[in-house]
Amino acid sequence: MKKFFVFLLFISTTISVGISLYLYFPYIKNYKDTPTTNNIPTATIANTLSTESNTLSSNESSSNAFKIIHVPIINQFPELPSGCEIVATTMLLNWYGYKVDKLLLANSIKKSPLPTYRKGVLHGNDPNDSFIGDPYSKNSYGVYHKPIIDLINIYTNNEANNLTGVPFENILDTVKSNKPVIMWATIDMKAPSVTTTWQSSNGTISWIAPEHAYLLIGFDESNVIVNDPYDGTEKYIDKELFKSRWESLGSQAVSLK
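Using full-length UniProt numbering, read the sequence shown as starting at 1 and increasing by one per residue.
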């Protein structure tokens with residue numbers, strides 16, 4: 001009977017630890033590990049994730065189509081599993097001829113520890129102020145546009161251009177002027193949801209997952225064309241779906257002047 005009791009205690013402890021870990025790591029950027037909800041309607045992805053080039057092969061454009069060519073494509077893995085924003089920035093700066101790499105930028109960006117509990121309340125810093133966690137770890141959140149602007153300005157003599165909140169059509173006009181744009185959306189256009197909430201000195205932070213950053217390099221009548229750090233490929237994604245996901249992440253966008 002004593003052995004049976006010990007066995008039950010072991011099983012109970014194991015289950016409790018497992019549940020605790022599950023609840024504490026809902027923010028992993030890998031969409032396969034990130035819980036989502038159905039409270040935000042999803043849209044059908046048309047031509048999404050296609051790496052096939054349509055008819056655009058140069059910087060020539062029509063009124064409804066344009067593509068910037070020869071933009072570097074860089075994979076965030078294996079070194080930076082949660083560093084998509086940093087890798088998108090690396091591609092942008094490399095396009096302009098700045099000799100930086102993803103590890104240099106990962107080491108340069110301002111970082112803050114993961115949120116921790118104090119008296120039963122989760123406290124942490126603001127992703128608008130610093131990278132939350134470690135880009136070298138998959139168990140991290142990420143960063144929003146302001147620290148990326150600061151990072152760009154370190155290496156470009158203050159050439160960052162904050163396009164956050166600018167109308168989507170104006171973003172496309174920026175691309176049409178031969179300027180790639182970093183855009184925040186979700187991994188594989190998954191439906192966004194708030195997975196973690198914590199208190200910061202700037203107020204309540206509601207983390208939307210699976211947060212991801214792309215480099216927008218072109219568009220046609222139906223799609224946007226992006227370089228995706230998640231797998232290091234160029235993709236065509238339904239324009240309206242991408243716009244919706246971008247807006248769900250606060251319409252964040254950064255380019256160079």
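Errors might be hidden in some of the hints.
Dumping the calculated EDC-like pairs for lysine to aspartate or glutamate here, alpha-carbon to alpha-carbon at most 20 Å [to be verified]:
1. LYS99 / ASP126
2. LYS239 / GLU169
3. LYS176 / ASP188
4. LYS239 / ASP220
5. LYS179 / ASP129
6. LYS110 / ASP126
7. LYS176 / GLU159
8. LYS176 / ASP129
9. LYS190 / ASP126
10. LYS138 / ASP188
11. LYS190 / ASP173
12. LYS243 / GLU221
13. LYS190 / ASP129
Hints are computed from structural coordinates only; laboratory data are not their basis.
Each hint tested on the structure:
Taken as a hint, the LYS99 and ASP126 pair is broken in the structure, with Cα atoms around 29 Å apart against an allowance of 20 Å. For a cut-off of 20 Å, the pair hint linking LYS239 to GLU169 stands: about 11 Å separates their Cα positions. For the suggested pair LYS176 and ASP188, the alpha carbons sit about 24 Å apart, so the restraint of at most 20 Å is broken. Of the supplied pair hints, the one linking LYS239 and ASP220 holds, its CA atoms being roughly 8 Å apart against a limit of 20 Å.
Only pairs whose Cα atoms come within 20 Å are accepted, and LYS179 paired with ASP129 is rejected, the gap being roughly 25 Å. Straight-line distance between C-alpha atoms of LYS110 and ASP126 comes to about 11 Å, which keeps the hinted pair within the 20 Å bound. Using a Cα cut-off of 20 Å, the hinted pair LYS176 and GLU159 holds, with the two alpha carbons roughly 19 Å apart. With a C-alpha separation of about 30 Å, the suggested pairing of LYS176 with ASP129 is violated against the 20 Å cut-off.
Our distance criterion of 20 Å between C-alpha atoms is broken by LYS190 and ASP126, whose separation comes to about 23 Å. A threshold of 20 Å between alpha carbons decides the hint, and for LYS138 with ASP188 the separation of about 17 Å falls inside it, so the pair holds. Restraint check for LYS190 and ASP173: not satisfied, since their Cα atoms lie roughly 26 Å apart, outside the 20 Å limit. A C-alpha spacing of about 13 Å is found between LYS243 and GLU221, which places the hinted pair at or below 20 Å, so the restraint holds.
Distance check on the hinted pair: LYS190 and ASP129 sit about 26 Å apart at the alpha-carbon level, beyond 20 Å; violated.
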